[in-house]
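With the hints as constraints, model all of the structure from the sequences given.
Protein chains in written order, with our numbering: chain A, 1 to 330; chain B, 1 to 130; chain C, 1 to 554.
Be careful, since some hints might not be right.
Unchecked claim - Straight-line distance between alpha carbons at most 25 Å, and here's what the computed DSS-like set of lysine-lysine pairs gives:
1. A:Lys205 - C:Lys356
2. B:Lys20 - C:Lys336
3. C:Lys48 - C:Lys93
4. A:Lys33 - B:Lys20
5. C:Lys339 - B:Lys21
6. C:Lys397 - C:Lys373
7. B:Lys20 - C:Lys345
8. C:Lys339 - B:Lys20
9. B:Lys21 - A:Lys33
10. B:Lys21 - C:Lys336
11. B:Lys62 - C:Lys141
12. C:Lys35 - C:Lys93
By construction, these hints were calculated from the structure, which means they are not laboratory data.
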Amino acid sequence: MPIDLTLIARALIFPGFIFLLALALFFDWFERKVAARMQNRMGPTYTGPLGILQPVADYIKLLTKEDVIPRQVNKLLFTLTPVLAFSLFVFAMFYIPIDGSNVILNSSFEGDLILVIVLITIANFALFLSGWSSTNPYSGIGATRILTQFLGYDIPVIILALCPAFLAKSLSFVAIAAKQAIPFALLIPWSFALFIITLQAELEKDPFDIPHAETEIVGGYETEFSGRKLAFIKLSEDFQFLIGAALVTELFLGGPFGPVLFGPKEMWGAIWFVAKTLGVIFILEYIGNVSARLRIDQVVHSNWKILIPLAILSLALTITCEPLLRSIVS
Amino acid sequence: MANKMKLPSMIRDIASSIFKKPFTREYPAVRVEVPEGFRGRHILDPEKCISCGLCERDCPSKAIELVEVSGKRMPMFYLDRCIFCYQCAESCPRDAIRLSTVFELSTTDKEGLLVKPEEFIPQQPVTTKE
Amino acid sequence: MAMFEEAVSILKDNLGNDVLECKTPKPRRAYILVKLGCHRDAISLLLKQYEQTGISTITGTDLGSEIELNYHMRCGGAVTIKNRVPKEKPRIKTITDLLPGAAFYEREVFDLLGVMFEGHPNLKRLLLPDNWPKGAYPLRKDWKPQDVKSGVSDSEKNSETNGGELKEATSIVNVVVGPQHPALHEPERFSFKVDGEVVVDVEPRLGYVHRGIEKAAEHLMFFQDVHLVERVCGICNAAHTTCFSQAVEDIGGIDVPPRALYLRTIVHELNRIHSHLLLLGVAGLLLGYEALFQHVWRDREPIMDLIEMITGNRLMTAFNTIGGVRRDLDPNAAGKIKKTLEEVKKRANFYKVVFKEDPTLRLRTEGVGVLSKSDALKLCVAGPVARGSGIDMDVRKDDAYAAYEEIPFNVISYKECDSWARLMVRAEEVLESIDIVIYALEHLPSGRFRVRVPRRQPEGEAVGRVEAPRGELIHYVKSDGTAYPYRVKIRSPTLANIISFPTMIRGGYVADIPAVLGSLDPCFSCTDRMVFLDTQNDRRWYWSLEEIKPKKAK
Ligand code: SF4
Ligand code: SF4
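This is how it looks when you write it as structure tokens:
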């Protein structure tokens, strides 16, 4: 059987694993730098130009550190879950069109939006298990907080993701992104704004960074992890962040599609994708920086009492306005 | 809950910070100026010292020891114990102890934490690292 | 002050022959020696008359054959009620039934001097480790450090002090916060019992940064002690030195030149500004508002530079001394200070608005950690914690020292009684302090800034009180006519305030722990200066309001 070289190259290098890894690390750096500037400080400075290699250095450091497994933990889960969470996030990322098509060519299908959301949920569950398996009270509290928060925010995320899907009459990322000559963010700004806020909660950023509120529960679910495992957990978080930003880009900002100036279409796809995601990250980081951390009970309350009704309302509004919007687009 | 909320007041401040230069002082790449009158490493004037030992007696953290240097007893300062209160300078009847603005006192050996009187006698080689 | 003189005359009239000796060496200071056991009558008289009466601390002093107990009451001034108990049989009736806030102070005296307080609901060791040899009381004069080295042994572990566990525990998890924990900047340990996200109870363990300063102070000369007490706490060092110097000046009858008083006030207030800004920033960090934290601390930096310029170091001022201050203010500096302060004032005004209006901050602090006014009075809390509970109490007004008599300013208090109120008190006090400094600079008297004082001080005793950034700070100094103090007692504001923590946090959420702890602005190196550290002993005790409160049956 002939080996499909493009397939391997796409999966491993561009826009597959290596590109995604580089992208995740770059976003990590960008996030830190932006946060630092908002707080009037330097941020990463000395590693590479403008400290851009800082995340790489951090991961290399983590990989060389001693990997401690506490005696009390459930060894199987404790070892497995960080890797599991990481691979699930990477897997989910493979369904997001970065250069105009999915990582595995032609793997896009009607409903991959649902698949990605499901994968994220399972990956979060893996993170919960990782905290639960470490039998530390901080991890335990952190893990329950992930679950409480995540279960709540999954519902509005799905409802809100349906708004662009409804407008595009499709449940596949490529189709939704391709339909956005005018970005949906402009057509249905209400859904966009709500989605950004829900995403903030999904990504556990301030004001919703409750699962790892370090002044309350130290490291949250990741308290007991060290060395390689911690590296995997941190990488999972980076990937989660990447996926979150990518979701917004695909659903509301037209994903990789944008004007092609010269050269190959794929390159411009990637460039547009990265540029738009950076914009999203900037917004997320800004919200995180102008708010204090809420309390879990307040989050649960605001979720069920405010966010879910609003999400449903915005879906209803989208459906009602659909003919009007459609006429604007065409 | 949501309806009586105002927008966070920090919004503008944070937005404007993005375009500002960071407040961080890039020490050690950029030198830091300390004001005159800063209480740093001691300076001893061996000419003025009359070996009275008042500084040794009054130092609250016993960071001074009188040592014999070229036939004269003069104070030696242990910077690791010193709290930079400058009680010694205040107690000295001849103003033989003065303050300096040298504040970078980290060293890699204990020798570096001694301020020896020899240092201030010009003929003798300086043994302490600056 | 009228209230103070009235209080003293009420005591004298009602106690009659029970008053053995009554000295009022200066306004708002009274030392009343009463017959053994009559202290309770005196205190209940004061309590009945004045609602705001509280206890500042209890000092025990070894006088040789007797132990003198000084109950430092605050009542328009410092009324010290003295009792002498024989050393062989040191027993005295407790006052915790009158004032629950005295619980810690009595335990401290019990621990360090071996005085039995009859009727104390929970007379356990507060500071010393369990395996401390019985009968070794470090603040007694005949105690030698060597006694302990040989005496400590595991076999002497006092099982009594091992705390009672919650018996009905089901879903209750023990969450230990500290000694190393991101919410604590200094090592202390709190053991929380948590049911889900709700805090059921808390056990504190102090003592990780003990340095034995009270004992050490007896071995240094008065002027050297100024440098020692400065190190009780880095952040409020100017408060400690002012307080100690005032006490010694009272003993020696030293008149401090007015210029020195003003300069003291300036440094003291700059100290308060930077301490409050520090806390406001930390509160931001504790509540997950990192940007606020960074911004506040950025704007605190100019204040540190000012302090550095005036005193020669950005933190350790070494500015006050007995008889005045150690440096004069450079005449050119005043302009720069004023300019910087105007800038800081703009920022402080802005942060006041932030704390007042920011929605997420309010969500996290409003109604959290409530300490009602009556509880606050009973527990004798001090400073911003008391003012956040609606008690107008400020040593600068009630017992004006340094230049405060001449400087106009407002006492800030809030009626909300929650964490938010305590933070707001501080945010507004920064503004008041800036005004005080500017006023003091404008009205700075000329003349000497220091008088030379002899090393020996006459026999006598004095109480120094100042309003440190965290609340009322009190130093008691006793001199026996030598150059060395006979006894130095320091009660830092955090010890007065930390007693209220269990009341505030019980029933709250885990996420409220940093919010409440932060609003107390605890400073453990102050509190611990007299706590003895024991690393091998994993002792815990159970500490609840039920124990602090008087037991009904007794
Ligand atoms: S500065 Fe103070 S501690 Fe240092 S040597 Fe002089 S007297 Fe001693
Ligand atoms: S006090 Fe002055 S004169 Fe006396 S020994 Fe010290 S340095 Fe010399």
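Here is what the structure says about each hint:
For the given pair, A:Lys205 sits about 24 Å from C:Lys356 by alpha-carbon distance, which is consistent with the 25 Å threshold. In summary, the hint linking B:Lys20 to C:Lys336 is supported, as the alpha carbons are separated by about 24 Å, within the 25 Å threshold. Between the alpha carbons of C:Lys48 and C:Lys93 the distance comes to roughly 19 Å, so the proposed pair stays at or under 25 Å and holds. For the hint linking A:Lys33 to B:Lys20, the alpha-carbon distance of about 13 Å falls within 25 Å, and the restraint holds.
Using a Cα cut-off of 25 Å, the hinted pair C:Lys339 and B:Lys21 holds, with the two alpha carbons roughly 22 Å apart. Restraint check for C:Lys397 and C:Lys373: satisfied, since their Cα atoms lie roughly 20 Å apart, inside the 25 Å limit. In summary, the hint linking B:Lys20 to C:Lys345 is supported, as the alpha carbons are separated by about 21 Å, within the 25 Å threshold. About 22 Å separates the Cα atoms of C:Lys339 and B:Lys20, which keeps this hinted pair within 25 Å; it holds.
Only pairs whose Cα atoms come within 25 Å are accepted, and B:Lys21 paired with A:Lys33 is accepted, the gap being roughly 13 Å. A C-alpha spacing of about 23 Å is found between B:Lys21 and C:Lys336, which places the hinted pair at or below 25 Å, so the restraint holds. Among the hinted pairs, B:Lys62 with C:Lys141 is consistent with the structure: their alpha-carbon atoms are about 23 Å apart, no more than 25 Å. Annotation: proposed proximity of C:Lys35 to C:Lys93 holds, straight-line Cα distance about 12 Å (limit 25 Å).
In summary, this structure violates none of the numbered hints.
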